[in-house]
Amino acid sequence: MTTSSHSAVQKTVRKTWQTLGAIKTGVILLILVVIVSAAGTVILQRPATDADEMQRAYSPQVLRLLDGVGLTDVFHAWWFVTLLVLVSFSIIAASIQRFPNSWRYYARPYKSPDESFRNALPNHTLIPIGDEEAGLNIAERVFHKAGFGPERIVRENSFSLFGERSRFSEMSVYIVHASLLLIFLGGIVDALYGWRAFVTLNRGQQSSQVETQNGSKRNLGFAIRCESAGQENYTDGTPKRWWSDLTILQDGQAVVHKQIVVNDPLVYRGIRFYQASYGKTGKIDKLVLTATPRDGQAPRDITISPDETLPLDPDTTVRLAEFIPDYVVRDGQIYARSSELENPAAHLVVESKKSGRAVNFWLPAIPGFEQNDSSPYTFEGKDIQMAYFTGLEVSHEPGQWSVWAGVLVMGLGLAVVFYFVHVRVWAVPVRNARGQLTLWIGGTANKNKDVFEQRFRKLVEEIESQLKVSSKAGAEAPVASLAGK
Amino acid sequence: MARIARAEQQPAATGTTLVVMVGLGVAFLLFMAFLNVVKSGNLLNDSNLLYAALIFYSGAGTLYLGFGVTGIPSYIRFASLATWAGLIANTGAVAHRWYEAGHPPFASIYEMLLSFVWTLAVLTLIAEKKFKVKVIGTVTMPVAIVGVVLMQLLRTEVHPLVPALQSTWLHVHVTLAMLAYAACALSFALAMMFLIKDKMKTETFLAATSLFSIGTYLGVLTRFEKWGGLSVAAWDPERKSEVFLAKSVRLFVVIPDLGWLMLMVLAAAAAPLVLYLVWRKTGKENFIDIANRAVFVSILLQVLALVFFLLRARDGRYGSLDADGLFSTSLAASPFILSGLVGGIFVSLLYLLLLWRREDLERMLPSAEELDRITYKTIAIAFPLLTLMIAAGAYWANRTWGSYWSWDPKETWAAITWLVYAGYLHMRVTRGWRGRRAAYFAILGFAVVMFTFFGVTYLLPGMHAYA
Numbered sequence: 000m001t002t003s004s005h006s007a008v009q010k011t012v013r014k015t016w017q018t019l020g021a022i023k024t025g026v027i028l029l030i031l032v033v034i035v036s037a038a039g040t041v042i043l044q045r046p047a048t049d050a051d052e053m054q055r056a057y058s059p060q061v062l063r064l065l066d067g068v069g070l071t072d073v074f075h076a077w078w079f080v081t082l083l084v085l086v087s088f089s090i091i092a093a094s095i096q097r098f099p100n101s102w103r104y105y106a107r108p109y110k111s112p113d114e115s116f117r118n119a120l121p122n123h124t125l126i127p128i129g130d131e132e133a134g135l136n137i138a139e140r141v142f143h144k145a146g147f148g149p150e151r152i153v154r155e156n157s158f159s160l161f162g163e164r165s166r167f168s169e170m171s172v173y174i175v176h177a178s179l180l181l182i183f184l185g186g187i188v189d190a191l192y193g194w195r196a197f198v199t200l201n202r203g204q205q206s207s208q209v210e211t212q213n214g215s216k217r218n219l220g221f222a223i224r225c226e227s228a229g230q231e232n233y234t235d236g237t238p239k240r241w242w243s244d245l246t247i248l249q250d251g252q253a254v255v256h257k258q259i260v261v262n263d264p265l266v267y268r269g270i271r272f273y274q275a276s277y278g279k280t281g282k283i284d285k286l287v288l289t290a291t292p293r294d295g296q297a298p299r300d301i302t303i304s305p306d307e308t309l310p311l312d313p314d315t316t317v318r319l320a321e322f323i324p325d326y327v328v329r330d331g332q333i334y335a336r337s338s339e340l341e342n343p344a345a346h347l348v349v350e351s352k353k354s355g356r357a358v359n360f361w362l363p364a365i366p367g368f369e370q371n372d373s374s375p376y377t378f379e380g381k382d383i384q385m386a387y388f389t390g391l392e393v394s395h396e397p398g399q400w401s402v403w404a405g406v407l408v409m410g411l412g413l414a415v416v417f418y419f420v421h422v423r424v425w426a427v428p429v430r431n432a433r434g435q436l437t438l439w440i441g442g443t444a445n446k447n448k449d450v451f452e453q454r455f456r457k458l459v460e461e462i463e464s465q466l467k468v469s470s471k472a473g474a475e476a477p478v479a480s481l482a483g484k
Numbered sequence: 000m001a002r003i004a005r006a007e008q009q010p011a012a013t014g015t016t017l018v019v020m021v022g023l024g025v026a027f028l029l030f031m032a033f034l035n036v037v038k039s040g041n042l043l044n045d046s047n048l049l050y051a052a053l054i055f056y057s058g059a060g061t062l063y064l065g066f067g068v069t070g071i072p073s074y075i076r077f078a079s080l081a082t083w084a085g086l087i088a089n090t091g092a093v094a095h096r097w098y099e100a101g102h103p104p105f106a107s108i109y110e111m112l113l114s115f116v117w118t119l120a121v122l123t124l125i126a127e128k129k130f131k132v133k134v135i136g137t138v139t140m141p142v143a144i145v146g147v148v149l150m151q152l153l154r155t156e157v158h159p160l161v162p163a164l165q166s167t168w169l170h171v172h173v174t175l176a177m178l179a180y181a182a183c184a185l186s187f188a189l190a191m192m193f194l195i196k197d198k199m200k201t202e203t204f205l206a207a208t209s210l211f212s213i214g215t216y217l218g219v220l221t222r223f224e225k226w227g228g229l230s231v232a233a234w235d236p237e238r239k240s241e242v243f244l245a246k247s248v249r250l251f252v253v254i255p256d257l258g259w260l261m262l263m264v265l266a267a268a269a270a271p272l273v274l275y276l277v278w279r280k281t282g283k284e285n286f287i288d289i290a291n292r293a294v295f296v297s298i299l300l301q302v303l304a305l306v307f308f309l310l311r312a313r314d315g316r317y318g319s320l321d322a323d324g325l326f327s328t329s330l331a332a333s334p335f336i337l338s339g340l341v342g343g344i345f346v347s348l349l350y351l352l353l354l355w356r357r358e359d360l361e362r363m364l365p366s367a368e369e370l371d372r373i374t375y376k377t378i379a380i381a382f383p384l385l386t387l388m389i390a391a392g393a394y395w396a397n398r399t400w401g402s403y404w405s406w407d408p409k410e411t412w413a414a415i416t417w418l419v420y421a422g423y424l425h426m427r428v429t430r431g432w433r434g435r436r437a438a439y440f441a442i443l444g445f446a447v448v449m450f451t452f453f454g455v456t457y458l459l460p461g462m463h464a465y466a
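As you go down the protein sequences, you meet chains A and B in turn.
Residue 0 is where the first sequence starts when you use numbering that gives the first Met the number 0, and the numbers rise one by one after that.
Residue 0 is where the second sequence starts when you use numbering that gives the first Met the number 0, and the numbers rise one by one after that.
Looking at chain B on its own, in the form it has when it is part of the complex (with noise of 0.2 angstroms):
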C-alpha cells in the first residue's frame, strides 16, 4: 500500500483556544473599524459592510484551516457561522450598492465580484445544509476571500450606467452569469472533495499545487521586463483609472527588482515538482518529504513576494519605457496579479490542510460516490443556466449592436465553455463515465470558467470590455 506522505503530525492545540483567538481577532478588527466608522460618521456604507463581511469571511477561512491544524470538528460550525454572518453583511453592501446606484451591481468588475461572491457564500451554505458537504466552505471562502481583497482595491465610484448597459436584459444576463459561474465553482469544490475521499494519492495533489503555483508566477512573468523588473499598470490618482496612451494602449511601469523575487518564487513553486518527478523515477520516499517541507518553504517565499508587491505597488513612482518620466501606480492596477499571489498562497495552504488532516477530512465527507452524484447535480443546474446566459447576452447583443453573434474574444470561450460542460454530460450519459475521468472533467471545465471570467477580460480585449 503506498504510504501517505505526511509531515509531523502537529500538536493537538486546546479545542477552544483557536476559537477564541479568531474570535478576539475579528472583534478587534470590527472595533477598529467600528472607530474609524465613528471618526468619518458614516456607519452603514457598502464599504464597510464589504469590510466586515471581508473580516467574517476571512473568520471562516481561518477556522477552517484551523481544522486543517488541529482535526477538530466544531472549528467546522463556527466557521459555518462566520460565513452566515459574513454573507449578512454581504447583503447588506449589495442592497446599499443597489440603492446607491439605482440599479443592480453589475456595470463594473467591482460590482460583478460583490455579486459573485455573495452567490458564493450562498451557495455554500446551501450546499451545507442540503447536500450535507459541511466542509466545502474551505476551497469556496478563500475563493470568497481573494473576491473580496479584489474588491477592495477596484474603483468604486459609483459609476452611472453607459448607453449599451442600460437594459433590463444586461440585468438578467449578468445575473445568470453569476448564478452559472458559481454552480460552477461549487462543481469544482466538490470535484475536488470527491479526489480526496476517492483516494487520489496526496503525492498527486501534490504535484497539482505544484503546477498550479508554476502556471501562476508564469502568468505573472510574462510581464518580466529585461533588467529584472515586473511590469505593472501605470494609475492616475487624481482621475482613480489607469493612463492611457492610446485607445486601450495602457501605460506600463516597471519595478525594480520584484521581476527577480517573482523568478526566485518560481523556482520555489517549481521545486515540489521536480521533487515530485524525481519520487516518481526512484521511488524513494525521502523525496516526498524534502517535497512537502519544499511546499512549505513555497508559502513563506508567496507571502514574502506579496508582502514585497504590496509594498511596492502600493505607492512610489518608476519610469516606463514607453513614456519619460516616472508615473505612479496602485495596487488596483494590478488586480490580477493580486488575485494570483493571494490565490496561489491559499491554493498551497490547502494542500498543507490536506497533507496533515486528510483522514479528519474524509471522515467528514459524504461517500466518493455520493459526491460523484452530488458533482453532477450542480453541474445539472450550472449547464442550464449558461445556456440561459449565453442566449440572455445574444439577445441582449443584438438589441445593442445588431448583432447577436460576433465571434468576440468573451462570447467565443463562452460558448468553449458551454462546449466542455456539455461534454461532461455526454461523457456521463451515454458513455458512463463516472468518478475520477468526470471529476477531472469537471476542474477542466471550471479552469475554462475561470478563463473566461478573468483570462478574456486581463489577456485579450475586445467589445466586454466592460467587465
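Just chain A, with the same shape it has in the complex (with noise of 0.2 angstroms):
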C-alpha cells in the first residue's frame, strides 16, 4: 500500500471516529431509536400476539411486508439490536473524546488567576484595603466559614487563596453515561446468553427439563420436584396468592426446599423459578371416603388414588377404578359431561380374596351399574381433592446485576449532575491602576449560576463588613506591601 492511500484510510478512519462522537449523531440514532420503538407498540409484534390474531388485523400482503422487514419483531430484529450497538458506540467515542480535556481540568485545578482572566471573570469585585496580610486572613475566615476549605497559594513574593467545593461534579457526566454503558452491557449479555423458559409439575411430580418459549427443552443439570402447591382466594373468588412448595435435587439429593409465591421466586444456581400460574388438571388427585363394614365394625375413613388398591381388612381391598367429575347417563351409558366438579361419580371395585368376587360400587349409586348391595363395605364420599398443576416461569439472566450496577451508578451520577455544584473562589491582592492595594475576590459555579450570584455577592459583603470592623478596631501603619503586579 502507498504511503497516500494508507494515510487516506487514517483519515477516513478519523473522521468516522470524530463523526460517531458527535453530538448530531447521537441525537440522530435516539430519535431513530424512538421512531422504531414506537413502532414496535402500535404494530403488532410476534410472538406475543398469536397467528390468527396477526392474520386478522393486516392484509396478507402487509403482513408478508411486515414480516419481511422485521416490523413484527422490531425489538430482536438484527437492525435494532445494531441500531442500539451504534448507540452504545457513539457514547463512547463522545465521551472518549471529551474525557482529555475535562479531565485536564479536573486534575490541574486553577489555583493562581492571572490579569485577564481576573479581568474577564463575571463575579469578581474589588476591595480597597490597608493592610494584605490581614484582609486576606479577613478573606481566608469568610471562606473558611462558607465551607470552602481555603488554601494558601504561594507567589513570588506575597500569596492568593484559592477555596472550592465538589470538584468532582466535573466529571459526573461521564459517570451517568458509563453507567448507561453498563446497563447496556447487561443487555447485551443477557440476549446472548439468557434464557426463559416455562414448566408445568403436578403435586410430586419432578422435572430436570424445561419447555423454551420456541419449543425446544433444555436440560437444568438439576431436578425441581413440587411438594405441593396451591391458591386462595378473597371473599369475592378473585386469586389472592398462589404458592408452591418447591425442593431441588441435585444428583437424587434435595439441596434447596422454599415456597414460593408470586413476586418471591427460588434462585439456584442462577436460574429462577417464579410461581407464574395454577390451575385444575380436571382429574382427581384423592379421594377420602368414610368405609362402612356390613358386619356392624366400626367405619374408617380411607384416602385412596386414582387405580390405587388399598386393604380394608386382610380379606377384602378397594380400588379406585374411575372418577368422573361430571357425569351423564345417556342411552344406557355413562359419559363424562365436562371436566368440571358439577356431578361427580366414582367407581369403586371391591374384592374379596376368599370368594374371589369383584363388586362395583358407584357413588351415587347410578342404576344399571351400581351393585352397591353386594358389596360388604359401604362407603359415603367425605372429600374430593383434585389434581392441580402448578405452573413455573424458570429465567437465567446472568447480565442483569450489570443492569442493577449500571443503575445505581446513574443514580449518583445524576445526583451529582443535577444537586452538586462546583464552585470555585479566589482572593488576589492586586494594586489597581491608580497603584493602590485591593483585595481581588472572584467566584465561579458550573451550574444555577443565579444563585450562585447571589451567594457570592453575600461572600464579598461578609468580606467587607468584616474589613471595616477591623480597620476600625485598630488603626495601623500601612506595612510595606508585598503585593505583585
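Be aware that one or more of the hints could be misleading.
To be verified - As a list, the in silico DMTMM-like pairs of lysine to aspartate or glutamate whose alpha-carbon atoms are at most 20 angstroms apart:
#1 B:376 to A:449
#2 A:381 to A:325
#3 A:446 to B:99
#4 B:128 to A:449
#5 A:446 to B:368
#6 B:131 to A:72
#7 B:376 to A:169
#8 B:376 to A:325
#9 A:285 to A:330
#10 A:448 to B:369
#11 B:129 to A:449
#12 B:129 to A:72
#13 B:409 to A:72
#14 B:131 to B:369
#15 A:448 to B:368
#16 A:239 to B:99
Since the hints were made in silico from the structure, they are not lab data.
With the hints as a guide, bring the two chains together.
In C-alpha cells form, the structure reads like this:
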C-alpha cells in the first residue's frame, strides 16, 4: 500500500471516529430508536400476538411486508440490535473524545488566576484594603466559614487564596454515561446468554427439563420437584395468593426447599423459578371416603388415589377404578359431560380374596351399573381433592447484575449532576490602576449560576463588613506591601 | 408591531361579586352534599371527601377563569385558598381510601388518579409559594378537575390486590410515577407561561388550541360507525365492569347520531385553524377576529356535545355490531372520551382567558428568563424521578415475571419519555438551548408523558393492564 492510500485510510478512520462522537450523530441515533420503538408498540408483535390475530389485523400483503422487514418483531430484529450497538458506540466515542479535556480541567485546578482571567470573570470585585495580610486573613476566615476550605497559594513574593467545593461534579457526566453502558452491557449479555422457559408440575412430580418459548427442551442439570401447591382466594373469588412448595434435587439429593409465591422466586445456581400460574387438571388427586363394613364394625376413613388399591381388611381391598367429575347417563352409558366438578361419580371396585369376587360400587348409586348391595362395605363420600398443576416461569439472566449496577451508578451520577455544583473562589491582592492596594475576590460555579451570583454577593458583603470592623478596631500603619503587579 | 388580536373588552364586574357568587355556589353544593350524606348516614367516606375536593378545585378553577374575565388580582388569592381547601379534602380522601383498602392507593386507575390529583395540587401550591408563579393554577387546576371528574365515574369498589401487585416495589414504583408525572405536568404549565411571557403571538396560541381540539375529536371519532353512530364500550351494571366477548376483547355498543354531532364539533373546532391559515396567507386582520368568535362558538358546541354524550351514555340500551340484543353502557365505560371532551373545553376556555387578559397575566408572571430557568429546575426534578420510576418498575417486573425489560408498550413508552427529557437536558447543557426551543421541548415531553399514561392504556393493551 502506498503512503497516500495509507493516510487516506487513516483519514477516513479518524473522520468516522469523530462523526461517531458528534452530538448530532447521537441525536439522530436516538431519534431513530424512538421512532422504531414507537412503531414496535403500535404494530402487532410476534410472538406475543398469536398468528390468527395477526392475520385478522393485517391483509396478507401488508403482513408479508411487515414480516419481511422485521417490523413484527422489532425488538429482536438484527437492525434494531445494531442500532442499539451504534448508540453504545456513539456514547463511548463521545466520552473518550471529550474526556482528556475534562480530565485536564479536573486534575489541574486553576489556583492562581492571571490578570486577563481576573478581569474577564463575571463574578468579581475589587475591595480596597490597608494591610495585605490582614485582608487576606479576613477573606480566608470568610471562605472557611462558607465551607470552601481555602488554601494559600504562594506566589513569588506574596500569596493568594483559592477555595472550592465539589470538584468531582465536573466528572459527573461521564459517570452517567458509563452507567448507561453498564446497562447496555447487561442487556447484551442477557440477549446472548440469558434464556426463559416454562415448566408445569403436578403434585409430587419432578422435572429436570424446561420448555423454552420456541418449544425446544432445555436441561437444567438438576431436578425441581413440586411437593404441593395451592391457591387462596379473596371473598369475592379473585385470586389472592398462589404458592408452591418446591424442592431442588441435585444428583438425587434434596438441597434446597422453598415455598414460593408470586413476587418471591426460588433461585438456584443463577436460575430463577417464578410462580406464574396454578390450575386444576380436571382429574382427581385424592378421594376421601368413609368405609363402613356391613358386619357392624366401626367405620373408617380412607384416602384413595386413582387406580390405587387399598386394603380394607385382611380379606378385602378396594380400588378406585374411575372418577368422573361431571357425569351424565345417556342411552344406557355413563359419559363425562365436562371436566368441571359439577356432578361427580366414583367407581370403586371392592374385591374379596376369599370369594374372589369383585363388586362394582358406584357413588352415587347409578342404577344399572351399581352393585352396591353386594358390597361387604358401604362407602360415603367425605372429600374430593382435585389434582392441580403449578406453572413455573424459569429464567436465567446473567447480565442483570450489570444492569442493577448501572442503575445504581446512574442514580449516583444524576444526583451529582443535578445537586452538586463545582464552586471556586479566589482572593488575590493586587494593585489597581492607580497603584492602590486592593483585594480581588472572584468566584465561579458550573451550574445554577443565578443562585451562585447571590451567594457570591453575600460572601463579598461579609468580607467587606469584616474589613470595616477590623479597620475600626485598630488603625495600623500601612505595612510594606508585598503585593505583586 | 403585530396587533394583538382581542375580542371586545369585557365590562369590568365588581370585584367582590364573583367571589361572593363562587362562595355561595360552593356553600350550596356542600350543603346539598351534606344533606345527602346525612340521609345515607356515612359522612367521611372517600367518595364524599372527593366530592368536596371537586367542589373546591372547581371553585379554584372558576376563580382563575373569573380572573380571566375581570382581571382582578384578588381572585388569584382566593383561588389559592380554594386549592388549599381542596387539597385538605383530597388528603382526607386518600387517607380514607388507604385505610379502607389496607394498602396505599395504587392498585387501579381510580386510585392512581386520586394520587395524581393530590400530587398535582401539592405541586401547584409549592410552585405558587416557592417559585412565585401565582397563576400556575390556571393550567393545573383544570387538569385536577378533569382528574376528579374521571374518578367520580370509575369503579370505586376497593379491590383487593391480585398476587402480582402485592409487593412493596409496587408502592415505590407508583409513588415515583405519580411524583414524576406531576412534576412533568408542572414543567408543562411553566413552559406555557414562558411562551406567554415571551410574547408568543396570541394567534399562535389560537392555532395550537384549535389543533389540540382537532386532535381530541379525531381521537373520539376513531369510534365513528358507518351510519353516524359512535361506538362506546358496553357496561354490565350488576358486575360494574365492562363486558368482554373473549379475553381482552371488549363488547362495543353504538350510540346513534352521536357520531354526526362529534363530526360537526370537529368542523367547528377546525374552523379557527383554517381561518388562522387564511390570515397567514392574506394578512387580513379581520380573519383573526372571526377566528376568535369561531373559538367561542366551538366552545358552545363542545359543551353541547358533552351534554349530549352525558345524557346518552349515562343510561339507555343500545345495539351492538358484534352481538345480538341491546346492551347498556355507562359513563364509567368511556373515561377517555369523557376526559377528552372536558379537557378540550377547558383548553378552549384557557385560550379565551389568554385572549382577554393577556396583559394582566403577563404582569403577574415572573420574567421570561426566570420562567425558563424554573422550567429547567422542574425538569431537573422530574428526570431523576422518571429514572428511578423506570428502575423500580424493572426490578419489580424481574421479581414478578422474571424479566426486567420485555419491551411491553408501557415500558417502551416510558423509555421514550425518558429519552425525550434526556434530550431536553442535553440540548440545554451542550447546545445552550434556551427560551422558545426549550419550552417546545418541555411541551413535547409532557405530550409523551400523557400518551404513556393514558394513550398506552386506552389504545395499546399489554401486560400493564392494571392501570
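(request) For the pair supplied as a hint, residue 129 of chain B and residue 72 of chain A, confirm whether the alpha-carbon distance does not exceed 20 angstroms. (result) Violated. Residue 129 of chain B to residue 72 of chain A sits at ~48 angstroms, over the 20 angstroms cutoff.
(request) Given the hint that residue 376 of chain B pairs with residue 449 of chain A, test it: the Cα-Cα distance must not exceed 20 angstroms. (result) holds, 12 angstroms
(message) For residue 376 of chain B and residue 325 of chain A, compute the direct alpha-carbon distance and say whether it is at most 20 angstroms.
(response) Violated, at roughly 67 angstroms.
(request) Could you grab the alpha-carbon distance between residue 448 of chain A and residue 369 of chain B and see if it respects the 20 angstroms cut-off? (result) holds, 12 angstroms
(request) Assess, step by step, whether the Cα of residue 131 of chain B is no farther than 20 angstroms from the Cα of residue 369 of chain B, and give holds or violated. (result) holds, 10 angstroms
(request) Below or equal to 20 angstroms on CA atoms is what counts here, so check residue 131 of chain B against residue 72 of chain A. (result) violated, 49 angstroms
(message) Does residue 368 of chain B sit within 20 angstroms of residue 446 of chain A, going by the straight-line distance between their CA atoms?
(response) Within the cut-off at roughly 16 angstroms; holds.
(message) Checking one constraint from the list: CA of residue 129 of chain B to CA of residue 449 of chain A, max 20 angstroms. Satisfied?
(response) Holds - the C-alpha atoms of residue 449 of chain A and residue 129 of chain B are around 16 angstroms apart, at most 20 angstroms.
(message) Next pair to validate is residue 448 of chain A with residue 368 of chain B; report whether the Cα-Cα distance is within 20 angstroms.
(response) Given that 20 angstroms is the threshold and the Cα spacing comes to 13 angstroms, the pair holds.
(message) Check whether the Cα positions of residue 381 of chain A and residue 325 of chain A lie no farther apart than 20 angstroms.
(response) holds, 17 angstroms
(message) What's the verdict on residue 446 of chain A and residue 99 of chain B, does the C-alpha distance respect the 20 angstroms limit or exceed it?
(response) violated, 46 angstroms
(request) Measure nothing beyond the straight line between the CA atoms of residue 376 of chain B and residue 169 of chain A; if it is 20 angstroms or shorter, mark the hint as holding. (result) holds, 19 angstroms
Of the numbered hints listed earlier, those contradicted by the structure are 3, 6, 8, 9 and 12.
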